[in-house]
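Asker: Could you put together the complete structure from these sequences and hints?
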Amino acid sequence: MRLQNPPDSTNALRHIAFGIVIDDLALPDGTIIENILGGGGPQTAWGMAAALGSGVQVGLLAAVGADLDANAALLHPMRQAGINLHGVQPIYTHTP
Numbered sequence: 477m478r479l480q481n482p483p484d485s486t487n488a489l490r491h492i493a494f495g496i497v498i499d500d501l502a503l504p505d506g507t508i509i510e511n512i513l514g515g516g517g518p519q520t521a522w523g524m525a526a527a528l529g530s531g532v533q534v535g536l537l538a539a540v541g542a543d544l545d546a547n548a549a550l551l552h553p554m555r556q557a558g559i560n561l562h563g564v565q566p567i568y569t570h571t572p
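Note that our numbering has the sequence shown beginning at 477, numbered continuously upward.
Mixed in with the good hints, there may be bad ones.
[Unchecked claim] Cβ-Cβ distance ranges computed for the label pairs, FRET-style:
(1) G523 x Q565: 20 to 26 Å
(2) D505 x A539: 32 to 38 Å
(3) I567 x G506: 31 to 37 Å
(4) A488 x G516: 30 to 36 Å
(5) G514 x T569: 17 to 23 Å
These are calculated hints, taken from the structure and not from any lab test.
Cβ atoms here follow ideal geometry from the backbone N, Cα and C, with glycine treated the same way.
Answerer: The structure is reproduced here in structure tokens:
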């Protein structure tokens with residue numbers, strides 16, 4: 477069976493990035509910055525959105541933890557870029 481594009485496929489997802497990591501950074505001065513959105517998935521999605529001029533055709537697919545759902549502000553910059561986050565699904569207790 478061949479999947480058909482919707483009649484208006486201008487906003488169809490054409491580029492998908494995978495994975496999210498929540499980083500804690502330790503700076504040389506001893507400062508610790510916790511809960512930073514990281515990993516290759518978000519960086520790749522932002523890069524694709526920047527190259528395309530919009531995130532409308534870009535999606536992110538990741539199995540995350542309930543902790544990310546509770547801290548949804550981490551995903552706010554991706555929403556602002558127009559990146560589709562329907563593939564970000566909480567199935568674990570903690571995001572890696």
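Asker: Now tell me, hint by hint, if it's right for this structure.
Answerer: Going down the list of hints, with the structure as the test:
1. G523 x Q565: 20 to 26 Å: 22 Å, holds
2. D505 x A539: 32 to 38 Å: 34 Å, holds
3. I567 x G506: 31 to 37 Å: 35 Å, holds
4. A488 x G516: 30 to 36 Å: Since A488 and G516 have Cβ atoms about 23 Å apart, the given range 30 to 36 Å is violated.
5. G514 x T569: 17 to 23 Å: 19 Å, holds
Violation of the numbered hints given earlier is confined to hint 4; every other hint is satisfied by the structure.
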